[in-house]
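Number of protein chains: 4
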Amino acid sequence: MTTRNFLKDLISKVAAPVDPNRGARRRAGEVAALCHALMSERGEVSGAALARDVLAAYSALPANAHTPFLHLLAAEFSPDAAAIDRAAAAFAGGRSPQLLIKLQQAVESPRQELFRRLNVAPGATAVLVDLRRRVLRELRNSPQLASVDADLAHLLASWFNRGFLKLERIDWRTPAIVLEKLITYEAVHEIAGWKDLRRRLAADRRCFGFFHPALPDEPLIFIEVALTDRISDAVPPLLDQDAPVADPTRADSAIFYSITNCQEGLRGVSFGNMLIKQVVEQLSREFPRLKNYATLSPIPGFRAWLDLAARDNEAVATLLPALKNRDWQQDAAMTATMRDKLMQLCAHYLLRAKKDSAPLDAVSRFHLGNGARLERLNWLADTSPAGMQRSAGMMVNYVYRLDEVEANHEAFVREGSIATSHAIKKLARDCDLTGRHTVARNTDAN
Amino acid sequence: MTTRNFLKDLISKVAAPVDPNRGARRRAGEVAALCHALMSERGEVSGAALARDVLAAYSALPANAHTPFLHLLAAEFSPDAAAIDRAAAAFAGGRSPQLLIKLQQAVESPRQELFRRLNVAPGATAVLVDLRRRVLRELRNSPQLASVDADLAHLLASWFNRGFLKLERIDWRTPAIVLEKLITYEAVHEIAGWKDLRRRLAADRRCFGFFHPALPDEPLIFIEVALTDRISDAVPPLLDQDAPVADPTRADSAIFYSITNCQEGLRGVSFGNMLIKQVVEQLSREFPRLKNYATLSPIPGFRAWLDLAARDNEAVATLLPALKNRDWQQDAAMTATMRDKLMQLCAHYLLRAKKDSAPLDAVSRFHLGNGARLERLNWLADTSPAGMQRSAGMMVNYVYRLDEVEANHEAFVREGSIATSHAIKKLARDCDLTGRHTVARNTDAN
Amino acid sequence: MTTRNFLKDLISKVAAPVDPNRGARRRAGEVAALCHALMSERGEVSGAALARDVLAAYSALPANAHTPFLHLLAAEFSPDAAAIDRAAAAFAGGRSPQLLIKLQQAVESPRQELFRRLNVAPGATAVLVDLRRRVLRELRNSPQLASVDADLAHLLASWFNRGFLKLERIDWRTPAIVLEKLITYEAVHEIAGWKDLRRRLAADRRCFGFFHPALPDEPLIFIEVALTDRISDAVPPLLDQDAPVADPTRADSAIFYSITNCQEGLRGVSFGNMLIKQVVEQLSREFPRLKNYATLSPIPGFRAWLDLAARDNEAVATLLPALKNRDWQQDAAMTATMRDKLMQLCAHYLLRAKKDSAPLDAVSRFHLGNGARLERLNWLADTSPAGMQRSAGMMVNYVYRLDEVEANHEAFVREGSIATSHAIKKLARDCDLTGRHTVARNTDAN
Amino acid sequence: MTTRNFLKDLISKVAAPVDPNRGARRRAGEVAALCHALMSERGEVSGAALARDVLAAYSALPANAHTPFLHLLAAEFSPDAAAIDRAAAAFAGGRSPQLLIKLQQAVESPRQELFRRLNVAPGATAVLVDLRRRVLRELRNSPQLASVDADLAHLLASWFNRGFLKLERIDWRTPAIVLEKLITYEAVHEIAGWKDLRRRLAADRRCFGFFHPALPDEPLIFIEVALTDRISDAVPPLLDQDAPVADPTRADSAIFYSITNCQEGLRGVSFGNMLIKQVVEQLSREFPRLKNYATLSPIPGFRAWLDLAARDNEAVATLLPALKNRDWQQDAAMTATMRDKLMQLCAHYLLRAKKDSAPLDAVSRFHLGNGARLERLNWLADTSPAGMQRSAGMMVNYVYRLDEVEANHEAFVREGSIATSHAIKKLARDCDLTGRHTVARNTDAN
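Chains as they are written, first to last, in this note's numbering: chain A, 45 to 490; chain B, 45 to 490; chain C, 45 to 490; chain D, 45 to 490.
Just chain A, same shape as in the assembly (with noise of 0.2 Å):
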């Protein structure tokens, strides 16, 4: 018997363990264990039925195992410090391309062969993907996995390079199997079903993602545009399932009112701005006419910053009862009274509101850092109950502009300097507010 069929042979023999957590932990020993033989020399010639027999133990896996296969990850498959420790004494001794040569060799995790031959089997690169995802999951209770997250999250951005990705065009002609990751994966606004992701690709709409090789189903990111005369201001029109479809042709406004990051498993792996410089050419390309390319964007930060606004400001305080009642937005006296008032607090939060000196506002530290010009705060812009908790119904645009957006991004990360248009500028000198009232960073951009 090879030790391969032996290993197969283990595995189909467990059945019904007694203990949950001992069987759970002899499983993940055993997907270990064909990790190991994969390593072993036997790994080179029949790497890729060796690899097929990992991925097919892992993918069997109980549920209550997978956390003691990281561990186990963790635990055999990290680099010998001690060999770390002479390969470094090395070389500080001689300092030569050789010795640093064999340093490399000595830090680099085992972890990193063993994946790279893992992706010789057929789905690997998703399974590996999904790997990630539980790691960064677990991550928060067991630190120790740190080291298997960084050689995940290093090989992960070195295959998913932008040279390696394709940006495509979704729409109605797209395969079902991959539409249907749009409406799973939406994450800024809900995609209600079938109806209303056709309406998203009608023809006045276009969306793009980028694809992987490897990954043919799956997006990994994706760009909702709506092609509009002038900027929008409000979000409902723009997903209104039977509004009348325009004719894009005539459009002068290119609106990116929705950026999702589909893979949890690639987070820090960016793809998002070069996804809307990409998006913007190739969208001046087919219609000439267009003049403005423009996010409608949440504000996800206003409402917490504001809170926290109002334990050293009376004024900001007196505001914070009426914003707490239900449905204030459809109180046209409210409104009228709010309105300048929360736009200039708004206006202020987007403009001097920062962390470590970067814009506290998660979106606004995305779109800013990409090089776009803060243009326009809209009033009521999304009276969804997220869009009220979040923003008081605000929503902003962000402005890219081909030929500025070099100079913003250096201004931006040299100075810190935003660009922003004057009617922004006037808000936020209106605002009596002083200090920067800075709370926790949201993580994530829209």
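Worth flagging that the hints you see were computed from the coordinates, not collected in a lab. Where hints are given, some of them may not hold.
It does not matter which identical chain is meant; a pair holds if it fits inside one copy or across any two.
[Unchecked claim] Using 27 Å as the maximum straight-line C-alpha spacing, the simulated DSS-like pairs for lysine-lysine come out as follows: (1) K210 - K470; (2) K225 - K470; (3) K239 - K469; (4) K146 - K399; (5) K210 - K225; (6) K335 - K398; (7) K398 - K368; (8) K225 - K239; (9) K470 - K398; (10) K239 - K335.
As the structure is a prediction and not an experimental result, all values here were calculated from the model.
Using the hints provided, position chains B, C and D relative to the given structure of chain A.
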């Protein structure tokens, strides 16, 4: 003027330098400067444009500027040795995953990040493969490029992971841009032109290659197969452009008569093993009647080894003068005399001549390492000048049986034992030579 | 002003006609005028542009202008009767190939050339298929459109020749634009939405359709297949959206449970026969374990025939009141009583009820004409309202055995004999009914 | 034994006939018998298999059996003359749509249905195109095949309707199986091999063809375009395999220097007109700087016409002896003497030599009929033997301006007027010749 425009401007001003080497160094320096810009904070937002600029400037380098540029890559994009020492000391002190991660980051060359950022530009992957080719060629003269080579080798091995490659059939429906590469690259039996190529792609032949999505017009490796009646014992019938096309459904043997690695820049990234096994699987599905999968391979190291063996052995020495006669193989009396002795010596060479416990012959090493069986020695199977000069006209069949390759491989790796037919064993036994007579290894396998 | 511009101008001037019918006739006349222009000498050089103009004008016709336009097609693009008489007389006098060719040209409607010239415009083929649909609908009221119908039918049968169709698998990777057509067109067992559709395309199902290159988003006909363990005897399990997905490689039966002709405009261009046989071949290659290929078909004419039979036969007549009870099938005592009698009557109906020597039942006629065998009658196999109303809840399996379809078909066509199982024969023998009780044929087969 | 097996059996028994013509007739008869079977009731259910049998038997016909088979097609699959007479009489008496339809059915050859049923077999469309080629070749000797030709021509014109063709760019990424067809078919300027072909597909060239979905590897017609600086006045620079590749984005002219109809069997199904206009549109989108779209065309009928003109005109007659000198064009004094006179005569030929009111020159007729303008006569533009022999070395540029082709075409068709440059008009005016000197038309246009 932005930095980017400034640099572009600078490049365009360079015209007709007086001292060619000074000019070359300056040009190399300009490309390196663009590389630094790509690594700077601007790289994030303008990465795609900067990467394109680097590529354009690099592609426009004059021939004598390439070596200076490689040296700049080695000098200016290596990791900071002092920072490595500090990180190594911290890790020696602490042993936490975080400290390991920091050390891993410290030892990774900035070059790797540079190459990853470059890869964003269209066509960059091909340029990086070609850069590795240049580094390999320069390495003999400039050992300090070893780190550059190691970085590229590591990155390319990761990117060209088998999981990202596609096995594709190559036939007369393949685009001409790919087919002309076969003519250019074929390394074993030169392709004389389009007519020769067309015959090699006819109905009784198969050709397969591995392709990477980023290099769609470039085979990485390809294998040529003839579907024959019985295992071929000579190469001329396989290369006859005017041979009638046989019915492939009646063939019982698939003869792998040529396998070519195409990309010098991917040296060390091995595909051959996987290719052969996958082709065997594919052919067995298409042609259920096939029962033999065999190579018809050269024995590239035999004659050189024979010269060496002649130094210690008089009987061998007496054979050599005859072999130096041009066209001795056309003299029937001569071949009758030589046949037994040379075949015995060749069997001895294949079974017993070793270097570091591995077979001395590179082709043999490759196929035995893949788990193949050494099946048959063929007298006067390749009487071309190259065939006579390298192998005294002999060729060998290595046979692949999927159900024994793993066991063969393990026995070969662990004990150095070679799966061999009785006929070859007998020939080797009949050889009165002793000793191994090792010469320097050939580096490439067929 | 060229004629073309003149006509375009004319069209654009048409605004708000007073008498809607007069306006409709005028609009129809304008399209006909463009058609005449397309047939003139200008058609040769400006054919593509003129064809586009005709299509645009036709597509912009108001609803009430379509019938007038069809009448203009009949009146103004028919062959010249006097010229036909002359050519017929010449042929009667001479009998040469040349005179025959002239007669053939004389009788061919100029409409055919008009349709061929129109087809040059993008999207025209779909418009012509739709035009045929309109003609068919109008034909009952306007028998003078028979010639227009004959011309379109002749042309479309030639263009949609089976040799130009592609059999394509339809699954969850198919573009949504095609999938939504399945939901729209499915004629046998309505598809309740995307979830229902997704289940019908799962791993234990197959769906195939014929497509024409000029209508890439339009299935012409599609068939739904369930891969099951034994021949299905009831439809609800096949339509259960929440049924677990079985392993198709273990199935022994392929059940054709729905076949739908999609294009009303292609009525009479038959694909169904070819589709079934090609799907059988394809499935047998993919799943070597399959041994039964059977339909699960409705018996659409049974109940209507039963009502008729009841007029002459008292025993039958006494059954009817019970059948008219809503939900009688849920009364166990009742079904026990009815089962034998109804099954005998249905077997009699399937084997002996004829019209013009062909089976009265349309679905039966279709499958028996294809060479299928009448295999099994299934009691309460479809208790949906439609199933109860048409077939008293029964369904039938027709079995396709590739090695007997030709003989079955010949026996069926020549002698009207029906390949039948013993079980059904016995049921029919046990039926005490005599006579054929023919009602008007249903026109469509499942 | 079924009929089908019986016939197959019959065929297989045919071996080594004594009288070759008797054997040929027998083989032809067997194919015809299979055709009759395909037309019988069995054709409906076993159509696909029978069609394959017919094709296989037809493809296996020996060379001398083809003509007998064509005669059987003419004799046995023509319409029934008596039935035609009856249907014609009924129509003369009744004039209803139904009677017209019956007459149309009576006159249609059963051959058409035979061809449509044959087309169901894979590869049949190509066989039918080839069958037409054979009919055309045989037609001169066998005028009774005119009906077979008319049927095939009618059917193929319908199937190869422009609406079903795809315009495809042909370049170095095109499959070799298509590219080798260009080498085979090129009719204007022979392609010397793969190197020549590669140059004609380089970046400063374009090549387009029409393809039909049923013949994916077969261009129906293709056009070769050079993107140049100014309108080319000579062909050798365009055919120079070693000419440096120019930057196509800087070109101001697109020169159509070769257009080839590939399928003899599609003679009379015209694509050329549509191809040129579509290519002009496509090029203008890709290269906005292009302002001239011109041919560089031969004048195939000029020398033959000149010989004829010399009979009546002494001045012309005196030129001829010089033209008969081999290589007169290399004698500078000679060319100086001849230039003006020959160019005047050629302008006269192009503008005034007619047959039936159309230009005598076939190429001229084609391009002027398409609405092109006769722009420039080029002295010694093609000094190849063929060029000297047909056109005394001259070539002509026809210019396509999309905004005038329709008007040019109408004027040409209605009044025979030719859009011409002043330079050519002047040359023609300066010619002292009168009369038209018509010779038999060339049949093919470039």
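These are the hints, each one checked on the structure:
Taking the shortest alpha-carbon separations for K210 and K470, neither the intra-copy value of 42 Å nor the inter-copy value of 58 Å comes in at or below 27 Å. In this assembly of identical chains, K225 and K470 lie within 27 Å of each other by CA distance neither inside one copy nor across copies; the values are 42 Å within and 54 Å between. Taking the closest pair of Cα atoms, K239 and K469 never come within 27 Å of each other, the shortest separation being 41 Å inside a single copy and 50 Å across copies. Taking the closest pair of Cα atoms, K146 and K399 come within 27 Å of each other only across two copies (25 Å); inside a single copy the shortest separation is 41 Å, beyond that limit.
In this homomeric assembly, K210 and K225 come within 27 Å of each other (Cα to Cα) both inside a single copy, at 17 Å, and across copies, at 25 Å. In this homomeric assembly, K335 and K398 never come within 27 Å of each other (Cα to Cα): the closest approach is 31 Å inside a single copy and 57 Å across copies. Within a single copy, K398 and K368 get their C-alpha atoms as close as 25 Å, which meets the 27 Å cut-off; across copies the closest is 77 Å, which misses it. Proximity of K225 and K239 under a CA criterion of 27 Å is satisfied in both settings, with 15 Å inside one chain copy and 14 Å between copies.
For a Cα distance limit of 27 Å, the shortest separation of K470 from K398 inside one copy, 19 Å, qualifies, whereas the shortest one across copies, 81 Å, does not. Proximity of K239 and K335 under a CA criterion of 27 Å is satisfied in neither setting, with 30 Å inside one chain copy and 41 Å between copies.
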